[in-house]
Amino acid sequence: MNTQNIISRKQNGIVQPLLTDLYQITMAYAYWKTGKVMDNSVFDLFFRKNPFQGEFTIFAGLEECLKFLEAFHFSESDIEYLKQTMPSVEDDFFVFLSNLSARDVVIYALDEGTVVFPRIPLIRIEGPLIVTQLLETTFLTLVNYASLMATNAARYRIAAGNSKLLELGLRRAQGPDGGLSASKYSYIGK
1 MNTQNIISRK QNGIVQPLLT DLYQITMAYA YWKTGKVMDN SVFDLFFRKN PFQGEFTIFA
61 GLEECLKFLE AFHFSESDIE YLKQTMPSVE DDFFVFLSNL SARDVVIYAL DEGTVVFPRI
121 PLIRIEGPLI VTQLLETTFL TLVNYASLMA TNAARYRIAA GNSKLLELGL RRAQGPDGGL
181 SASKYSYIGK
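Residue numbering for the sequence shown follows UniProt numbering, beginning at 1 and increasing consecutively.
Treat the hints as calculated values from the structure; they're not laboratory data.
Hints may be right or wrong, so weigh each one.
Unchecked claim - Think about it this way: if two alpha-carbon atoms lie no more than 25 Å apart in a straight line, the pair counts; the simulated DSS-like pairs of lysine-lysine are:
hint	residue 1	residue 2
1	Lys-164	Lys-49
2	Lys-190	Lys-67
3	Lys-33	Lys-83
4	Lys-83	Lys-36
5	Lys-49	Lys-190
6	Lys-184	Lys-164
7	Lys-49	Lys-33
Turn these sequences into a full structure, and let the hints guide you.
Following this line, the structure appears as structure tokens:
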């Protein structure tokens, strides 16, 4: 997949490194304490069950993962928040986080819109252990929702046959991002 056009577009403002679990930050700290932050790691992103008790899933969310990866950086306010949340952690760890980027991470992925099945890797993430760990929750969030919406749209397309389908999700969505994201992934799954 050609990622140049994808990466050049603006990232969603709410998708930041703090869009994660405290567990991931704690694991990053453990890697830092034990000197394993730069150990090479490989993670595969996959799912266990198809949504809606269906027979397939439509893979989506890669574009947002790539944008997040390109912009990955803890801001000063992120670091201040983490210092308040983790007061017993050494300042040197926060200095390390403030200089951390994802430039050494390599991604291998299927194309968005591909029909996929449980337990098949959708994205392979390779790079320094601390960074790949910090990407996990956000990547799962971005792919799970997108794939759910694209799969739902594909199921509607199958049920409707050649009839025209209209997407009016913005009217009932939980906020503008939910509505716009649902519209985009419905289009991918159609």
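Looking back at the hints listed earlier, which ones does the structure fail to meet?
Violated hints (numbers, rising): 1, 7; every other hint is consistent with the structure.
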